[in-house]
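Chemist: One letter stands for each residue in the lines below.
Number of protein chains: 2
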Amino acid sequence: MTEPTVENTENNQGNEEEEEQIVTPWDVNAKGGVDYDKLINKFGSQQIDQTLIDRFERITGKRAHPYLRRGIFFSHRDLKEILDHHEAGRKWFLYTGRGPSSGSLHFGHLLPFFFTKYLQDAFNVPLVIQMTNDEKFLWKDITLQQAREFTIGNVKDIIALGFDIEKTFIFSNLDYIQYLYPTTLRISKLLNINQVKNIFGFTDQDAVGKISFPPIQASPCFPESFPHIFPPGTDYSQIKCLIPCAIDQDPYFRMTRDVAQRLGAQKPALIHSKFFPALQGHNTKMSASDVNSAVYLSDNKDVVADKIKKYAFSGGGATKEEQVKFGANLEVDVSFEYLKYMLDDDQKLEEIRVAYGTGKMMTSDVKKILIELMVKICDQHQAARAKVTDEICATFMSIRKMNI
Amino acid sequence: MTEPTVENTENNQGNEEEEEQIVTPWDVNAKGGVDYDKLINKFGSQQIDQTLIDRFERITGKRAHPYLRRGIFFSHRDLKEILDHHEAGRKWFLYTGRGPSSGSLHFGHLLPFFFTKYLQDAFNVPLVIQMTNDEKFLWKDITLQQAREFTIGNVKDIIALGFDIEKTFIFSNLDYIQYLYPTTLRISKLLNINQVKNIFGFTDQDAVGKISFPPIQASPCFPESFPHIFPPGTDYSQIKCLIPCAIDQDPYFRMTRDVAQRLGAQKPALIHSKFFPALQGHNTKMSASDVNSAVYLSDNKDVVADKIKKYAFSGGGATKEEQVKFGANLEVDVSFEYLKYMLDDDQKLEEIRVAYGTGKMMTSDVKKILIELMVKICDQHQAARAKVTDEICATFMSIRKMNI
Numbered sequence: 001m002t003e004p005t006v007e008n009t010e011n012n013q014g015n016e017e018e019e020e021q022i023v024t025p026w027d028v029n030a031k032g033g034v035d036y037d038k039l040i041n042k043f044g045s046q047q048i049d050q051t052l053i054d055r056f057e058r059i060t061g062k063r064a065h066p067y068l069r070r071g072i073f074f075s076h077r078d079l080k081e082i083l084d085h086h087e088a089g090r091k092w093f094l095y096t097g098r099g100p101s102s103g104s105l106h107f108g109h110l111l112p113f114f115f116t117k118y119l120q121d122a123f124n125v126p127l128v129i130q131m132t133n134d135e136k137f138l139w140k141d142i143t144l145q146q147a148r149e150f151t152i153g154n155v156k157d158i159i160a161l162g163f164d165i166e167k168t169f170i171f172s173n174l175d176y177i178q179y180l181y182p183t184t185l186r187i188s189k190l191l192n193i194n195q196v197k198n199i200f201g202f203t204d205q206d207a208v209g210k211i212s213f214p215p216i217q218a219s220p221c222f223p224e225s226f227p228h229i230f231p232p233g234t235d236y237s238q239i240k241c242l243i244p245c246a247i248d249q250d251p252y253f254r255m256t257r258d259v260a261q262r263l264g265a266q267k268p269a270l271i272h273s274k275f276f277p278a279l280q281g282h283n284t285k286m287s288a289s290d291v292n293s294a295v296y297l298s299d300n301k302d303v304v305a306d307k308i309k310k311y312a313f314s315g316g317g318a319t320k321e322e323q324v325k326f327g328a329n330l331e332v333d334v335s336f337e338y339l340k341y342m343l344d345d346d347q348k349l350e351e352i353r354v355a356y357g358t359g360k361m362m363t364s365d366v367k368k369i370l371i372e373l374m375v376k377i378c379d380q381h382q383a384a385r386a387k388v389t390d391e392i393c394a395t396f397m398s399i400r401k402m403n404i
Numbered sequence: 001m002t003e004p005t006v007e008n009t010e011n012n013q014g015n016e017e018e019e020e021q022i023v024t025p026w027d028v029n030a031k032g033g034v035d036y037d038k039l040i041n042k043f044g045s046q047q048i049d050q051t052l053i054d055r056f057e058r059i060t061g062k063r064a065h066p067y068l069r070r071g072i073f074f075s076h077r078d079l080k081e082i083l084d085h086h087e088a089g090r091k092w093f094l095y096t097g098r099g100p101s102s103g104s105l106h107f108g109h110l111l112p113f114f115f116t117k118y119l120q121d122a123f124n125v126p127l128v129i130q131m132t133n134d135e136k137f138l139w140k141d142i143t144l145q146q147a148r149e150f151t152i153g154n155v156k157d158i159i160a161l162g163f164d165i166e167k168t169f170i171f172s173n174l175d176y177i178q179y180l181y182p183t184t185l186r187i188s189k190l191l192n193i194n195q196v197k198n199i200f201g202f203t204d205q206d207a208v209g210k211i212s213f214p215p216i217q218a219s220p221c222f223p224e225s226f227p228h229i230f231p232p233g234t235d236y237s238q239i240k241c242l243i244p245c246a247i248d249q250d251p252y253f254r255m256t257r258d259v260a261q262r263l264g265a266q267k268p269a270l271i272h273s274k275f276f277p278a279l280q281g282h283n284t285k286m287s288a289s290d291v292n293s294a295v296y297l298s299d300n301k302d303v304v305a306d307k308i309k310k311y312a313f314s315g316g317g318a319t320k321e322e323q324v325k326f327g328a329n330l331e332v333d334v335s336f337e338y339l340k341y342m343l344d345d346d347q348k349l350e351e352i353r354v355a356y357g358t359g360k361m362m363t364s365d366v367k368k369i370l371i372e373l374m375v376k377i378c379d380q381h382q383a384a385r386a387k388v389t390d391e392i393c394a395t396f397m398s399i400r401k402m403n404i
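In order, the protein sequence lines correspond to chains A and B.
Position 374 (the first sequence) corresponds to 374 in the UniProt record's numbering; numbering is contiguous.
Position 154 (the second sequence) corresponds to 154 in the UniProt record's numbering; numbering is contiguous.
Here chain A stands alone, though its shape is the one from the complex (with noise of 0.2 Å):
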């Protein structure tokens, strides 16, 4: 077991301007591990408090979701305005979206999409997922081939989620940008290169590709953008939109709201999730080149058992005698944090919280659970991918009346 460290006590001293974390699309960079409500200062967006929360369950008749419960997704934009326009019976939609990479998704990956799905079914709205293979192009050492075929197999993860093939359009760029183009180029005109070089971080030795991108990330955030889903003669400034997505992602849509109302348009409204930590705990972040950092969805049953045992870092003694006398520091503890993302059961989590804070339970027996659960979710996941076949995938990708 590892020494547990004492979170962000880094930050709270020295040099705050020099310590301060780094959170964009592209890198989120925090010691002692990211300051959630540092971050909501910062980027001047709402806490979700338990009335909100409690709202959620009153409209949709149903338990909020256990990420809103437990604070996973915990910072919103004008949430509140598309509750009320939900209640009047007016139109909104659902957007989120993925970079696709190769292989498998990890957890992590999948996140802000069961989180879609339960959004979706509890309120009953179409869906549109991009899939960003330009950008991934553009920021990475891969063909435009590779970003293709990298689409396909993350596309297949998605769909295996159980999304509803009725009300779910996902789309890559490299195919669909004619739809987006005239919204891009809408947005584009009304934004100064300095404005996107400020909200990102771009400078002039960037690819000039890569400050052309932010513009068709923002375009999916307005109706017309999907005419089959709402056809020419809708009033498209009467549609809201709802995205659920990492908090990194939320530069892109600060940028898309700052133009909404002078393109006729309604702001995006966004809910923010945490990051999925590491397996090495919240000092790093996941990495795509270290396969180590992440249990990924088509890793099998010994491969899950081995990483949770060798790399999920442990907020338990340094030793049994240590863990039974002073219990487990849950607020740096990975296994138990997966189980907060993972185990659907509240009474079964609080039991484990006490029994493991409190020393009666050993970071294995934490982490046995943990990977019966993982092993599980794999499996299932990976049932139901199989099931995914280029016909199902083409259809959810393909331009189509919807039903709804």
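You may find that some hints are simply not true.
One copy or two, it doesn't matter: identical chains are merged, so the pair holds either way.
Derived DSS-like pairs: lysine-lysine, alpha-carbon spacing no greater than 27 Å straight-line [unchecked claim]: (1) K210 / K167; (2) K197 / K140; (3) K140 / K267; (4) K301 / K340.
Hints listed in this document are in silico derivations from the structure and should not be mistaken for laboratory results.
Given the coordinates of chain A, work out where chain B should sit on it, guided by the hints.
Modeler: Showing chain B alone in chain A's frame:
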């Protein structure tokens, strides 16, 4: 009659840095007229010499186009390589374009198209014509809908010039972007923001859409942008492209040539024209916002006559006596310059040159000849344009197999 100005004196004295002529795709500013020799030096292109014109005639078995013989198309990049390629029986194509503007085209707009038609007829190669309605939207205070409408009007004018429907593909960026986008991405990954700023003079205060545009104008240089003309499986690395354009468009293609090899493609070749002067003379540039600076193809007989009589800058003597005594300054005379662009008959042009230059013809005589010629061209064009139906227009712009 107006006093002739002495050409280029301002440019040949004083601080050369300050007085330097500005030639960009959006701005031509050169006191005393553009110095084309200087431009060739600055841009690093090659003069078209008699040897090259002779070779043109040998290969095509036809008299060279008057624009070549009269130095109107005066500069090139890799034109010899295109002729070598053609003689070796290898594939190449022509690419030109236009930023669609409201209403009718004027004579200056037609210049590259007249010449492009000659090239297509002489070499029997495919031609692609890009309508940059996205660029116009970004640079001008117009809506996307207006940009689309201007496109159709301008395309009809272009078709009326007689392009071969079997070998000509006209496309609007707003409708064809999905085919360009993969190449646009590949180009925009290889150029950094600083490079594009330097080539085009953009600053951080420019709209981000503007700096995103040059890779879009560059993309049609590469045959993979036209899979219906050059089907997948074609060896794209062996197909060359020749671009007839006014020399102010050169920055786009200097940029493109810089990245071509890294894309595994041929560098595009270019053949550059001078600018068609405004009625007011070489000192001023033709301006879409001043209808009296140009003759439009839609102008009727009386308007053409009126514009030429009132506005065409004269190099003739200030009085009849002076004209008889000294003759006209043909270097600055706009009517004579226009005749060089429009009068195919070399012998008649030479007679006018001698008679007007030595005072045997008055400005009014030359203007009369010019008016007759322009009215005839306008009449012929209007008749031809009236035959361009929406259906013909749609065929030219449709993605179809071509007879090549």
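Chemist: Does each hint fit the structure? Answer for all of them.
Modeler: The hints, checked one at a time:
With identical chains, the CA atoms of K210 and K167 are never at most 27 Å apart, being 31 Å at best within one copy and 36 Å at best between copies. Proximity of K197 and K140 under a CA criterion of 27 Å is satisfied in both settings, with 19 Å inside one chain copy and 23 Å between copies. In the homo-oligomer, the alpha carbons of K140 and K267 lie at most 27 Å apart only across protomers (26 Å), although the nearest pairing inside one protomer, at 31 Å, exceeds that limit. Only within a single protomer do K301 and K340 lie at most 27 Å apart by alpha-carbon distance; the minimum there is 21 Å, versus 82 Å between protomers.
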